[in-house]
Amino acid sequence: MLNVENLHVAYGQSEVLHGLDFKVRPDEIVAIMGRNGMGKTTLMKSLMGLVPTKSGTVRVGDGEITNLKSHERVARGMAFVPQGRMIFGTMTVEENIKTGLTVTGESAVPGELYEIFPVLLEMKHRRGGNLSGGQQQQLAIARALASKPKVLLLDEPTEGIQPSIIKDMARTLKRIRDERGLSIVVSEQVLSFALDIADRVLVIENGEIVHEENRATIDEAKVASFLSV
Amino acid sequence: MFDSYSISELGSIFVMQGFAGLILFSVYLLMALGLAIIFGQMGVINMAHGEFMILGAYVTYFTSQAFQHFLPALFPAYFFVAMALAFVASGTLGMIVEWGLIRHLYKRPLDTLLATWGLSLILQQVYRSVFGPREVGVELPAWMMGSLKLTDTIEVQINGLFVMTLTVIITAVVAVMMFRSRWGMQVRAVVLNRMMASAVGINTERVDRLTFGIGCGIAGVAGSAFTMIGSTGPTAGQLYIVDTFLVVVFGGAQSLIGTILSALSISQTQSTLEFFLSGSIAKVITLLGVVGILMLRPQGLFTLKVRR
Chain A
514 MLNVENLHVA YGQSEVLHGL DFKVRPDEIV AIMGRNGMGK TTLMKSLMGL
564 VPTKSGTVRV GDGEITNLKS HERVARGMAF VPQGRMIFGT MTVEENIKTG
614 LTVTGESAVP GELYEIFPVL LEMKHRRGGN LSGGQQQQLA IARALASKPK
664 VLLLDEPTEG IQPSIIKDMA RTLKRIRDER GLSIVVSEQV LSFALDIADR
714 VLVIENGEIV HEENRATIDE AKVASFLSV
Chain B
37 MFDSYSISEL GSIFVMQGFA GLILFSVYLL MALGLAIIFG QMGVINMAHG
87 EFMILGAYVT YFTSQAFQHF LPALFPAYFF VAMALAFVAS GTLGMIVEWG
137 LIRHLYKRPL DTLLATWGLS LILQQVYRSV FGPREVGVEL PAWMMGSLKL
187 TDTIEVQING LFVMTLTVII TAVVAVMMFR SRWGMQVRAV VLNRMMASAV
237 GINTERVDRL TFGIGCGIAG VAGSAFTMIG STGPTAGQLY IVDTFLVVVF
287 GGAQSLIGTI LSALSISQTQ STLEFFLSGS IAKVITLLGV VGILMLRPQG
337 LFTLKVRR
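Going down the list, the protein sequences come from chains A and B. My numbering puts the first residue of the first sequence at 514, with every later residue one more than the last. My numbering puts the first residue of the second sequence at 37, with every later residue one more than the last.
Hints are computed from structural coordinates only; laboratory data are not their basis. Check each hint, because a few of them may be wrong.
[As the list claims (entries may be wrong)] A short list of chain B residues far from chain A (calculated; beta carbon distances all over 10 Å): (1) Phe198; (2) Ser234; (3) Phe281; (4) Glu310; (5) Met331.
[Stated by the list, open to error] Cβ-to-Cβ under 7 Å is the rule here; a few derived chain B residues that face chain A: (6) Ser217; (7) Gly220; (8) Arg224; (9) Met231.
Because the structure is a prediction, the values reported are computed rather than measured. Cβ coordinates follow ideal geometry from the N, Cα and C atoms, glycine included.
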């Protein structure tokens, strides 16, 4: 579903990603792991068009999105849950979800989103900025799902969230994948969470993919060694 | 200063000055609404806002002329046509300005002050060259002239009532658009986080252009209303821009209710004090009051409270 070939991304003169190649199938959850500063967030942002791509191609399904603007990428089926969640703080929960409806043209929040995240229905008239971290994370995912994506990107979703809620989130993400046949790419530093949800793990180091392994055959110690400082 | 008036005279003075203040309030509010959208929402300091208003005033003037010459039968209704044209003219100019100038400056909000100030000078000279330096005034249709006599000493002007009604309607429309429409929601999202707004699928460039256009269009409508109470000249917009910024900042840049209340309090203070003192002393007292309150509440009268 998501097809990345020879992706180079640079901030001005300094290149951060040196030619990444990977594919994500429909119905698959891929975890991208790596220490701080190895290029995970840059990869996410470049896939979303928030950081310009230097060279290479990115495709969703059959359509190339390499040079499209962010909102055009959303229309082609990309959706993004950023690091730090970035909820629209002074807007209500309901309005936050509705911003995600822009590309679908719908005007009411689909009921199934509230079914996945019942807490958001309870709080739909509260301001997004007044929710707790875990609730904001759910809101950010609901907002991303509202645009009916084919590929969902999550950048460090476990950051600042308590362990019991991380477990819930893993369950929810798998449920969403099963119900909607989504491809999910999640960047992560927490190994237990990644092993919990991912079908495949990619390790990124200094802007290159240095290790790739299916969940079934993974050697935990080896991946952990990539993450240790 | 009250010695020479009887109690009932004082009452009448307060009512009539209060009414004059309400007319001033209407113009302030109409100007401030456009500015509150552009400055409060987009963070662009639009010093040329007064010139967008004056464009609306000129459009109204020419519409009235055209109706007088070609459609005298419909003259009583010309104002409604003029208002629509003023909105379109100022709004279109606003969108062109956004495309040619403002969109390059979103990352440098303070520079918008200089750029739009330059734009305001250019527009003033254009008006002077094209429309002439003389001030022009519109002729009001018969039904808008005259005044209603409430008591022996209290009269209110009909055109003033009309401008106020207009202001109430436009304010309500803006409030509905801002908080109920899809466009309003997108504007607020872009303002809160431009990058995230585009990452949820909002076309931020289109929203910016439309927002700036609508803000300027409302200024054009303010210009239409302005023709009822003042004469239109190339520099007339300058007189209002500082007061309008005062209204927006005092009210709290992102709050519509704040803008309304601050326009009301500033115009009423100004108008009532002007009768008893000189105009400049009235302004001094108004400004001191605003400065004092802003020292206590730097965010303005109204702010939204959320966790940071």
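Status of each hint after checking the structure:
no. : hint   : in the structure
1   : Phe198 : 36 Å, holds
2   : Ser234 : 4 Å, violated
3   : Phe281 : 22 Å, holds
4   : Glu310 : 38 Å, holds
5   : Met331 : 25 Å, holds
6   : Ser217 : 10 Å, violated
7   : Gly220 : 10 Å, violated
8   : Arg224 : 6 Å, holds
9   : Met231 : 6 Å, holds
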